[in-house]
Amino acid sequence: MMMSFLNPESTRVYGAPLHAANRDFMARYPGDSGRRQPVHTVYGGAHLFKYDSASRLGGVALSAMKQYAPDWETFAAAIGLPGAEPVALKSDRVLPDRFDAHGTDPTKQGDTAAEPFARTVYSRVMEKLRAEPVEDFRLDYEDGYGNRPDTEEDAHAHSGAREVAEGMRRQTLPPFIGIRVKPLNEEMRVRSLRTLEIFLTTLVHETQGNLPPNFVITLPKITISQQVEFFSIALATLEQGLGLKRGSLRFEMMIETPQVILGSDGTSVLPGILAAAHGRAVAAHFGSYDYTAGVNITSAHQRMRHPACDFARHMMQVAFAGTGLWLSDGSTAVLPVGEHPVEEGQAPTEAQARQNRASVHRAWKLHYDDIQDSLVRGFYQG
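Numbering that gives the first Met the number 0 puts the first residue of the sequence shown at 0, with every later residue one more than the last.
Think of the hints as simulated: they come from the structure by calculation, not from any bench.
These figures come from a predicted structure and were not determined experimentally.
Some hints could be false.
List of simulated lysine-lysine pairs, BS3-like, C-alpha gap at most 30 Å [claimed, not checked]:
#1 127 <-> 364
#2 364 <-> 65
#3 244 <-> 49
#4 127 <-> 49
#5 65 <-> 127
#6 49 <-> 65
Listed next, with one range per pair, are the computed distances between beta-carbon atoms [said to hold, decoys possible]:
#7 351 <-> 34: 44 to 50 Å
#8 28 <-> 351: 51 to 57 Å
#9 246 <-> 126: 32 to 38 Å
The beta-carbon is built from N, C-alpha and C at its ideal position, and this holds for glycine as well.
Take these sequences, add in the hints, and give me the full structure.
Below, the structure is given as structure tokens:
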């Protein structure tokens, strides 16, 4: 019989550190939870939020589709689906006066290989806009809100919470919802916590102690891990004071400053901020425009597909791989609106209508291309 020098008994003593290290590794990198991740997050000024904001946004989107893409062919051409006729060839075509889920044009005959795919995409987009136009909404008390007198922001913290509570009662909220507070730098941290406490206190009072499903708080412009540590403690304090279940207040970390990518000691701050969250962080959102501004890229060249963004996003992927943290890409800054505003009750000229359509289609195409780029790079939310 061959003698074993590496039997379990002999390795137990010197194998103990490896066993502990393996367990620590598995705790740090548990992998994907399998929970549903929203495909997008809509940020809107908190002062404008209403209990039915999600359905209102859906209505705006449906109106835009009716006006600028009333059939699958126009939509496919606008965003450049495979096999679609180029937008330039269709821009002068008179759009049909119809609007249905499939975009069928009775004046068109024949079929192509691209038609089933493009028609299916159009149909699913329409169904999504009708059933669930917004998956995740953030009441924004930061960039989308600005700096206001304390009395005004206090009032909007109260009113925003009451609207969320009304949405809970009426079941009109999107599947994911939350708020974005101001950053925790020295200038804003007191105001940030004040808004957070007013909002949560009002919401819990209005709902008899309940939070909406998938409620999350977004912490912007993180520069040091101490901000995340401080925020985690503040959330635990609020949970205890408001009688909420421990761990019910979760948050997202916005990655939008150069200093959080690479700290003053030459190492990445990203692993440290995740550790400082003490299990409360659910996602990391990339802020492409603040980040590019932070590395002195002028506004004319600030875009999601700038090479500087590629570096930051890959740093996020490497730092957070296997942790179960959701990653979300930045936003497309160009809005799909016409160049010529039209007063209610008035009709644009033929030239204005053509230019408006071209402007909207360009913005749709840019957004589509940004999304495709995000998917290729492994970011499935934006």
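Under the criterion that the straight-line Cα-Cα distance not exceed 30 Å, is the pair residue 127, residue 49 satisfied?
21 Å, holds
Can you confirm whether the C-alpha distance between residue 65 and residue 127 stays at or below 30 Å?
At roughly 15 Å apart (the allowed maximum being 30 Å), residue 127 and residue 65 satisfy the hint.
Pair hint outcome, residue 49 versus residue 65 [Cα-Cα no greater than 30 Å]
24 Å, holds
Is residue 244 close enough to residue 49, meaning Cα to Cα at most 30 Å?
Distance of about 27 Å is within 30 Å: holds.
Quick one, are residue 364 and residue 65 close enough, alpha carbons at most 30 Å?
17 Å, holds
Does the structure keep residue 127 and residue 364 at a Cα separation of 30 Å or less?
Given that 30 Å is the threshold and the Cα spacing comes to 19 Å, the pair holds.
Residue 246 paired with residue 126, Cβ distance criterion 32 to 38 Å:
Holds: the Cβ-Cβ distance is about 35 Å, inside 32 to 38 Å.
Range hint 44 to 50 Å: satisfied by the CB atoms of residue 351 and residue 34?
Holds - the Cβ-Cβ distance for residue 351 and residue 34, about 47 Å, lies within 44 to 50 Å.
Pairwise beta carbon distance, residue 28 to residue 351, judged against the given window 51 to 57 Å:
56 Å, holds
Of the numbered hints given earlier, the model fails none.
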